[in-house]
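Going down the list, the protein sequences come from chains A and B.
Using my numbering, the letters of the first sequence map in sequence onto residues 1 to 267.
Using my numbering, the letters of the second sequence map in sequence onto residues 268 to 434.
It is possible that some hints are incorrect.
DSS-like mimics (lysine-lysine), calculated; alpha carbons at most 30 Å apart, straight line [as the list claims (entries may be wrong)]: (1) B:K322 <-> A:K39; (2) A:K221 <-> A:K267; (3) A:K58 <-> A:K22; (4) B:K322 <-> A:K58; (5) A:K26 <-> A:K58; (6) B:K322 <-> A:K267; (7) A:K170 <-> B:K385; (8) B:K385 <-> A:K58; (9) A:K63 <-> B:K322; (10) A:K170 <-> A:K63; (11) A:K26 <-> B:K322; (12) A:K58 <-> A:K139; (13) A:K58 <-> B:K420; (14) A:K22 <-> A:K170; (15) A:K139 <-> A:K22.
Quick look at which bits of chain B chain A covers, simulated, 3 or more residues with Cβ under 8 Å [as the list claims (entries may be wrong)]: (16) 282-288; (17) 310-318; (18) 321-328; (19) 346-359; (20) 376-389; (21) 392-406.
Pulled from the structure, derived: some chain A residues nowhere near chain B, Cβ distances all over 12 Å [to be verified]: (22) D50; (23) G80; (24) P82; (25) A87; (26) A92; (27) G107; (28) G148; (29) R222; (30) A236; (31) T240.
Just so you know, these hints were derived from the structure itself, not from any lab.
As the structure is a computational prediction, the values presented were derived from the model and not from experiment.
Think of the CB as a built atom: it goes at the ideal place given N, C-alpha and C, for glycine as much as any other residue.
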Amino acid sequence: MYAFTYHRPDTVRQAAGLVARKEDAKVLAGGQTLLPTMKQRLASPGNLVDLGSVAEMKGIERKGRTIVIGAMTTHADVAGSPLVQEAIPGLAALAGNIGDPHVRNRGTIGGSIANNDPAADYPAACLAMGATIITNKRKIAADAFFQGMFDTALDEGEIVTRVAFPIPGKAAYAKFPNPASRYALVGVCVAKRGSEVRVAVTGAGASGVFRWPEAEAALSKRFSSKSLEGMAAKAAGLNTDIHADAEYRAHLIGVMARRAVDAAVGK
Amino acid sequence: MATVSMTVNGKAVTADIDSRTLLVQFIRENQLLTGTHVGCDTSQCGACVVHIDGKAVKSCTTLALQCQGANVVTIEGIAAADGTLHPMQEAFREHHGLQCGFCTPGMIMSAIDIVNRKGNDLDEHTIREELEGNICRCTGYHNIVRAVDAGAKAMAGSAKPMKHAAE
Ligand SMILES: Cc1cc2nc3c(=O)[nH]c(=O)nc-3n(C[C@H](O)[C@H](O)[C@H](O)COP(=O)(O)OP(=O)(O)OC[C@H]3O[C@@H](n4cnc5c(N)ncnc54)[C@H](O)[C@@H]3O)c2cc1C
Ligand code: FES
Ligand code: FES
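Just chain A, same shape as in the assembly:
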């Protein structure tokens, strides 16, 4: 790890000010991705702005038909939240399945979506549930936020403060974890809100999380795993690596989508 200067602001304003003013500054959330990356010297920020004391970025509340989660809320807190468990059980289950208990005790929803790892779980939930990402500057729809591998709509120095999830009628996430890393080899999140059905896929795409329109169309007619019987995604544009080739991932997308629908309807 290269040397850096450490800062610990108490408010979003102070944090944004530090990031804007200090040279080569990066925010630190749970550190579960950033610290390993810094140890490998793949990142070497000159200034590290720790968001750990920014109280206004923590916590979960229900606002009408929306669950709003502070960016610094840990995966463990989302998984264990009675509010989330009641309103969007599929989201609580997703958070409870990220990595391992130690990672869940530190890793945050803001860090996960800002990082936009192509195999991360939260991006699929944000996209399928039509979440809104709230920053210190603006509100960004999930459809516009995730822009490719490790790439988002965030400007330089922009800070995610909250994520708002409209409460779906039914939603669930199914993941086929890489047995070693627990990241998604393929993860599929399905959500039904009113007559709209959205299906988002993570872990498989060469440019990160994406929607699967054919499955959405089929499920819009009838929200049942039967509607997806025999369906697989197109292998073109999917990843091939030592863990799985594109054809296998395409097949797994169909399997995970059916499992997610079954879980969403309570089967």
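With chain A's structure known, arrange chain B with the ligands on it following the hints.
For chain B with the ligands alone, coordinates are given in the frame of chain A:
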């Protein structure tokens, strides 16, 4: 350099450290508590697990500076004041939940965290799922799982307060 203050196993400590200092380095090299191990240094193995404010974390993936004001408990801090082993330590001994012992401090700190969250009556599936972040290269896990199960039950009946309980 930066100054950090925290509580380690019940003792208030303050030190001037390089900002880069990981919590595990602070514990081992500054506090000279070498029970917390570094297995992988890449956030995978759990040999470095300690409790921060009662929650299990990987101390190789935490900066010491992030623990300003926090209550840190390591494997050295869980036995009773009179030296009696913590019921989870005793269970690992009793059930031969270790061979070389390198992973054991992390296993025990994780196991206590599991009991804190999930209670004293754990089934095997839960224990195995919850040990996802702890790797053992020796035992094959069977005896570790037995030890965690027995330790969890023993914790229900244990009257002895931990020396430096943060939970
Ligand atoms: C062993 C292990 C297993 C894991 N398994 C999984 C898994 O199964 N699924 C999964 O999805 N993830 C997994 N992760 C990743 C984990 O969820 C991370 O916590 C997450 O990706 C990053 O969150 P963080 O809070 O740790 O962010 P950090 O590591 O602190 O930051 C990550 C990046 O985001 C930026 N950032 C952080 N917060 C904000 C913010 N509020 N606004 C703007 N930018 C910000 C940082 O500057 C940095 O570039 C795993 C990690 C480990 C170590
Ligand atoms: S040394 Fe920290 S997880 Fe392996
Ligand atoms: S006992 Fe040797 S690594 Fe677990």
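Taking the hints in turn, this is what the structure says about them:
1. Restraint check: the Cα-Cα separation between K322 (chain B) and K39 (chain A) comes to about 23 Å, which is no more than 30 Å; the hinted pair holds.
2. At roughly 19 Å between alpha-carbon atoms, K221 (chain A) and K267 (chain A) fall within 30 Å of each other, so this suggested pair holds.
3. With a CA separation close to 24 Å, the supplied pair K58 (chain A) and K22 (chain A) stays within the 30 Å bound.
4. For the suggested pair K322 (chain B) and K58 (chain A), the alpha carbons sit about 17 Å apart, so the restraint of at most 30 Å is met.
5. For the hint pairing K26 (chain A) with K58 (chain A), the CA-to-CA distance comes to about 19 Å; that is within 30 Å, so the pair holds.
6. Only pairs whose Cα atoms come within 30 Å are accepted, and K322 (chain B) paired with K267 (chain A) is rejected, the gap being roughly 34 Å.
7. Using a Cα cut-off of 30 Å, the hinted pair K170 (chain A) and K385 (chain B) holds, with the two alpha carbons roughly 27 Å apart.
8. At most 30 Å may separate the alpha-carbon atoms for a hinted pair to count; K385 (chain B) and K58 (chain A) meet this at roughly 24 Å.
9. Restraint check for K63 (chain A) and K322 (chain B): the C-alpha separation of about 29 Å stays at or below 30 Å, so the hint holds.
10. Note on K170 (chain A) and K63 (chain A): the hinted pairing holds, with a Cα-Cα distance of about 18 Å set against a maximum of 30 Å.
11. Restraint check for K26 (chain A) and K322 (chain B): satisfied, since their Cα atoms lie roughly 26 Å apart, inside the 30 Å limit.
12. Distance check on the hinted pair: K58 (chain A) and K139 (chain A) sit about 18 Å apart at the alpha-carbon level, within 30 Å; holds.
13. For the proposed pair K58 (chain A) and K420 (chain B), the alpha carbon gap of about 34 Å is over 30 Å, so the pair is violated.
14. Proposed proximity of K22 (chain A) and K170 (chain A) is contradicted: the alpha carbons are some 45 Å apart, above 30 Å.
15. With a CA separation close to 25 Å, the supplied pair K139 (chain A) and K22 (chain A) stays within the 30 Å bound.
16. Given a C-beta distance limit of less than 8 Å, the hint that chain A covers the region 282-288 of chain B holds, as 3 residues qualify and 3 suffice.
17. Only residues whose C-beta sits within less than 8 Å of a C-beta in chain A count toward coverage, and the region 310-318 of chain B has 3 of them, enough to reach three; the restraint holds.
18. As drawn, the region 321-328 of chain B meets chain A at 5 residues by the rule of a beta-carbon pair under 8 Å; at three or more, the given contact holds.
19. Look at the region 346-359 of chain B against chain A: 0 of its residues bring a Cβ nearer than 8 Å to a Cβ of that chain, fewer than three, so the hint is violated.
20. Counting residues of the region 376-389 of chain B whose CB falls under 8 Å from any CB of chain A gives 4; the rule of at least 3 is met.
21. Check on the region 392-406 of chain B: 4 of its residues sit with their Cβ under 8 Å from a Cβ of chain A, so the three-residue criterion for coverage holds.
22. Distance check for D50 (chain A) against chain B: the nearest CB is about 6 Å away, which does not clear 12 Å, and the non-interface claim fails.
23. Some Cβ of chain B comes within 12 Å of the Cβ of G80 (chain A); the nearest lies about 8 Å off, and the non-interface call is violated.
24. With a minimum CB-CB distance of about 15 Å to chain B, P82 (chain A) clears the 12 Å threshold, and the non-interface call stands.
25. Every CB of chain B is more than 12 Å from the CB of A87 (chain A) (nearest about 22 Å), matching its label as outside the interface.
26. With a closest Cβ-Cβ approach of about 14 Å to chain B, A92 (chain A) is found to remain outside the 12 Å limit, as its non-interface label requires.
27. Separation of G107 (chain A) from chain B is inadequate, the least Cβ-Cβ distance of about 10 Å not exceeding the 12 Å criterion.
28. Once the 12 Å rule is applied to beta carbons, G148 (chain A) is consistent with being away from chain B; the minimum gap is 25 Å.
29. No beta-carbon of chain B is positioned within 12 Å of the beta-carbon of R222 (chain A); the least distance is around 34 Å.
30. Non-interface call for A236 (chain A) relative to chain B: holds, since the shortest CB-CB distance, roughly 33 Å, exceeds 12 Å.
31. Look at T240 (chain A): its CB is around 24 Å from the nearest CB on chain B, clear of 12 Å, so calling it non-interface holds up.
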